[in-house]
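S.K.: Order-wise, the sequence lines are chains Y and Z. Taking our numbering as reference, the numbering of the first sequence is continuous, increasing by one, and the terminal residue is 112. Taking our numbering as reference, the numbering of the second sequence is continuous, increasing by one, and the terminal residue is 115.
Certain hints may be false.
[What the hints assert, rightly or not] Keeping only pairs whose Cα atoms sit at most 30 Å apart, straight-line, the calculated DSSO-like set for lysine-lysine is: (1) Z:Lys-41 / Y:Lys-26; (2) Z:Lys-66 / Y:Lys-99; (3) Y:Lys-70 / Z:Lys-41.
[As the list claims (entries may be wrong)] Some residues of chain Z that are not near chain Y, with every Cβ distance over 10 Å (derived): (4) Arg-24; (5) Asp-27; (6) Ser-54; (7) Leu-68; (8) Leu-74; (9) Thr-78; (10) Ser-83.
To be clear, the hints were calculated from the coordinates, so they are not data collected in a lab. Note that the structure is a prediction, hence the values are computed from the model and not measured. The beta-carbon is built from N, C-alpha and C at its ideal position, and this holds for glycine as well.
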Amino acid sequence: SQQGEEDPQALSIQEGENATMNCSYKTSINNLQWYRQNSGRGLVHLILIRSNEREKHSGRLRVTLDTSKKSSSLLITASRAADTASYFCATFRSGGYNKLIFGAGTRLAVHP
Amino acid sequence: GAVVSQHPSRVICKSGTSVKIECRSLDFQATTMFWYRQFPKQSLMLMATSNEGSKATYEQGVEKDKFLINHASLTLSTLTVTSAHPEDSSFYICSATFTDQETQYFGPGTRLLVL
Numbered sequence: 001s002q003q004g005e006e007d008p009q010a011l012s013i014q015e016g017e018n019a020t021m022n023c024s025y026k027t028s029i030n031n032l033q034w035y036r037q038n039s040g041r042g043l044v045h046l047i048l049i050r051s052n053e054r055e056k057h058s059g060r061l062r063v064t065l066d067t068s069k070k071s072s073s074l075l076i077t078a079s080r081a082a083d084t085a086s087y088f089c090a091t092f093r094s095g096g097y098n099k100l101i102f103g104a105g106t107r108l109a110v111h112p
Numbered sequence: 001g002a003v004v005s006q007h008p009s010r011v012i013c014k015s016g017t018s019v020k021i022e023c024r025s026l027d028f029q030a031t032t033m034f035w036y037r038q039f040p041k042q043s044l045m046l047m048a049t050s051n052e053g054s055k056a057t058y059e060q061g062v063e064k065d066k067f068l069i070n071h072a073s074l075t076l077s078t079l080t081v082t083s084a085h086p087e088d089s090s091f092y093i094c095s096a097t098f099t100d101q102e103t104q105y106f107g108p109g110t111r112l113l114v115l
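Okay, chain Z solo, but in the shape it has when bound:
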């Protein structure tokens, strides 16, 4: 149980376009979802925390107008990278929690390449 999926697993886009990444909790209702970003050979950096039905809380230095997060239901959160640029190329990972926020279940990640 506690499976989290992400779609797509990999996306290549042109500079200036927007890209949407979905994070779904498949067998549980996620009260909170988290979005992380990971550059090659580096650690996970928390970007934002999203709670169903409310606005996401962004970490310091993360542009909320650049990275739009929508958590419309208890099983789905989306991250939209707007006007993507090559420096946005990264591995984006989501996680979800339902009981207590100390236990997070991670998705498989989405690799974004902006040309």
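Only chain Y is shown next, with the shape it has when bound in the complex:
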């Protein structure tokens, strides 16, 4: 079964504002990844954070990971209309699993 829940399911903000999306998962993981998907398109890999890391940055993206709470957050600062997309977290477990399990996703709309 798929694991991972994200909230909010949908988020609507104005350009320039920050957007925060949260992800929770159920099992132990090796890493957690965030992806973006524009409507009707494939996935774009944004960032990977390993289980021994607590925070990671990439440009306007900031990801945190709390393995004790089994949760992660993605912060997009100074959002732009082009950030409008669905965002998914995905957890990876090795040791015989070796597959990504995706969360439900957050649909972000950034209005000009």
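Could you slot chain Z onto chain Y? The hints should help.
M.R.: Using the frame of chain Y, we list chain Z on its own:
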């Protein structure tokens, strides 16, 4: 680098027919390819994992006789939806990995509509 393509990007077929979707790694050899299914406004659901030269491993609840997967080479995997029905209409996405399976490169997806 690490580009994955899918063909076709969109297909419409009649109920009862079979449809083949190709997934190719264009600039690397993919040891493993994954097939996902995505319904509108929903997440990606892993259908199966395929390794070159061996049988695919299907996720629980996915009919292997319905969704035939062939991974004949290190750059090509195919998904055949047999005897398609309207409920099979969905967005099918493949991904490929070559170094370690935690890094997957995704194709652009194939939208299937069964009438």
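S.K.: For each hint, tell me whether it holds in the structure or not.
M.R.: Cross-check of the supplied hints:
no. : hint                : verdict
1   : Z:Lys-41 / Y:Lys-26 : holds (22 Å)
2   : Z:Lys-66 / Y:Lys-99 : holds (22 Å)
3   : Y:Lys-70 / Z:Lys-41 : holds (24 Å)
4   : Arg-24              : holds (13 Å)
5   : Asp-27              : holds (16 Å)
6   : Ser-54              : holds (14 Å)
7   : Leu-68              : holds (20 Å)
8   : Leu-74              : holds (17 Å)
9   : Thr-78              : holds (17 Å)
10  : Ser-83              : holds (26 Å)
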